[in-house]
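Enquirer: Got chain A sorted already, so can you dock chain B onto it with the hints?
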Amino acid sequence: MSLESQFFLLMKFVIPLYLLAFIIYAIRAFKGPAIVDIILAVDCMSFDIAAFMAILAVYFKSAFLISAAITLALWAYLLDIYIAKHLVSKEVGA
Amino acid sequence: MNEILFYIGAIMIVIGGICDLFGALGLLKFPNFYIRLHAATVGTIGGAVVPLFGVGFLALGSDFLPNKYAIAGASFVTGVIVLLAAPAGAHALAYAAHKAKLVTWEPKVDHLAEVREND
Chain A
0 MSLESQFFLL MKFVIPLYLL AFIIYAIRAF KGPAIVDIIL AVDCMSFDIA
50 AFMAILAVYF KSAFLISAAI TLALWAYLLD IYIAKHLVSK EVGA
Chain B
0 MNEILFYIGA IMIVIGGICD LFGALGLLKF PNFYIRLHAA TVGTIGGAVV
50 PLFGVGFLAL GSDFLPNKYA IAGASFVTGV IVLLAAPAGA HALAYAAHKA
100 KLVTWEPKVD HLAEVREND
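Chains as they are written, first to last, in numbering that gives the first Met the number 0: chain A, 0 to 93; chain B, 0 to 118.
Treat the hints loosely; a few may be bogus.
Derived list of chain A stretches under chain B, where covered just means 3 residues or more per stretch with a C-beta under 8 Å from a C-beta of chain B [to be verified]:
{"hint": "1", "region": "7-13"}
{"hint": "2", "region": "27-35"}
{"hint": "3", "region": "38-48"}
{"hint": "4", "region": "53-66"}
{"hint": "5", "region": "69-77"}
No farther apart than 25 Å at their CA atoms in a straight line, the calculated lysine-lysine pairs in the BS3-like style are these [as the list claims (entries may be wrong)]:
{"hint": "6", "chain 1": "A", "residue 1": "Lys84", "chain 2": "A", "residue 2": "Lys30"}
{"hint": "7", "chain 1": "B", "residue 1": "Lys28", "chain 2": "B", "residue 2": "Lys100"}
{"hint": "8", "chain 1": "B", "residue 1": "Lys98", "chain 2": "A", "residue 2": "Lys89"}
{"hint": "9", "chain 1": "B", "residue 1": "Lys98", "chain 2": "A", "residue 2": "Lys30"}
{"hint": "10", "chain 1": "A", "residue 1": "Lys89", "chain 2": "B", "residue 2": "Lys100"}
{"hint": "11", "chain 1": "A", "residue 1": "Lys84", "chain 2": "B", "residue 2": "Lys98"}
{"hint": "12", "chain 1": "A", "residue 1": "Lys30", "chain 2": "B", "residue 2": "Lys28"}
{"hint": "13", "chain 1": "B", "residue 1": "Lys100", "chain 2": "A", "residue 2": "Lys30"}
{"hint": "14", "chain 1": "A", "residue 1": "Lys60", "chain 2": "B", "residue 2": "Lys67"}
{"hint": "15", "chain 1": "A", "residue 1": "Lys11", "chain 2": "B", "residue 2": "Lys67"}
{"hint": "16", "chain 1": "A", "residue 1": "Lys84", "chain 2": "B", "residue 2": "Lys100"}
Hints are computed from structural coordinates only; laboratory data are not their basis.
Since the model is a prediction, treat every value here as computed from it, not as a measurement.
By construction, the Cβ of each residue, glycine as well, lies at the ideal position given by its N, Cα and C atoms.
Next up, chain A with everything else stripped away, as it sits in the complex (with noise of 0.2 Å):
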């Protein structure tokens, strides 16, 4: 058995725990009752799918995909700090 066959027997088993996470997130994400929960689920959610997406990079043997993850993973930090920003001074400012 080749590497390559025990890889892609070995999504078929880790795939689903990852949409199974998103789909989790994605709830915690639409009923928050406050806009951190909101943010916490949504961060940890673009964290996730930049793993997912490196995990797809090997799937599909592609390199580009890998440097999406990376501006995703800065993303979901920006987005972090402009929300605390905003939260604390009322104003996002530069």
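Expert: Showing chain B alone in chain A's frame:
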């Protein structure tokens, strides 16, 4: 050697998937925002950093990828970025929620409010 790197990466990806599912369940079931931050840490560090390093090891050990060094290097860089950015962002959100008084909760101790009243 290649097989050892491949199996280490596969085990880390499986651990990441399980941590991701448990972090999502905790984020759904826990009662208020400050307790949900704990589940968010499980979901980001266990569910994003560990499988990113796992993808790096798996891509280094695989023999079927055409550009495995690009995928492995970018996976390690993304893992380090998430490892640094996720706790900083979660801490900024917790500070902002406490300062803007957005969350109703019943604290046993609140050291941040005590320090701020003494200032």
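Enquirer: Now tell me if each hint is right for this structure.
Expert: Hints, verified against the model:
Residues of the region 7-13 of chain A lying with their CB closer than 8 Å to a CB of chain B number 3, which satisfies the three-residue condition for coverage. For a cut-off of 8 Å, the count of residues in the region 27-35 of chain A with a CB near a CB of chain B stands at 4, and the three-residue condition holds. Note: the region 38-48 of chain A has 7 residues with beta-carbon separation from chain B under 8 Å; the three-residue rule is met and the coverage holds. With a cut-off of 8 Å between beta carbons, the region 53-66 of chain A has 8 residues touching chain B; three or more are needed, and the interface restraint holds.
With a cut-off of 8 Å between beta carbons, the region 69-77 of chain A has 5 residues touching chain B; three or more are needed, and the interface restraint holds. Between Lys84 (chain A) and Lys30 (chain A) the CA atoms are separated by roughly 23 Å; this keeps the pair inside 25 Å, and the hint holds. Only pairs whose Cα atoms come within 25 Å are accepted, and Lys28 (chain B) paired with Lys100 (chain B) is accepted, the gap being roughly 22 Å. A hinted pair counts as satisfied when its Cα atoms are at most 25 Å apart, and Lys98 (chain B) with Lys89 (chain A) qualifies at roughly 12 Å.
Between Lys98 (chain B) and Lys30 (chain A), the direct Cα distance comes to roughly 23 Å. Compliance with the 25 Å bound is thereby established for this hinted pair. Distance check on the hinted pair: Lys89 (chain A) and Lys100 (chain B) sit about 13 Å apart at the alpha-carbon level, within 25 Å; holds. Taken as a hint, the Lys84 (chain A) and Lys98 (chain B) pair is honoured in the structure, with Cα atoms around 11 Å apart against an allowance of 25 Å. At roughly 12 Å between alpha-carbon atoms, Lys30 (chain A) and Lys28 (chain B) fall within 25 Å of each other, so this suggested pair holds.
For the given pair, Lys100 (chain B) sits about 20 Å from Lys30 (chain A) by alpha-carbon distance, which is consistent with the 25 Å threshold. Taken as a hint, the Lys60 (chain A) and Lys67 (chain B) pair is honoured in the structure, with Cα atoms around 9 Å apart against an allowance of 25 Å. Of the pairs offered as hints, the one joining Lys11 (chain A) and Lys67 (chain B) holds, with about 21 Å between alpha carbons and a cut-off of 25 Å not exceeded. Restraint check for Lys84 (chain A) and Lys100 (chain B): the C-alpha separation of about 14 Å stays at or below 25 Å, so the hint holds.
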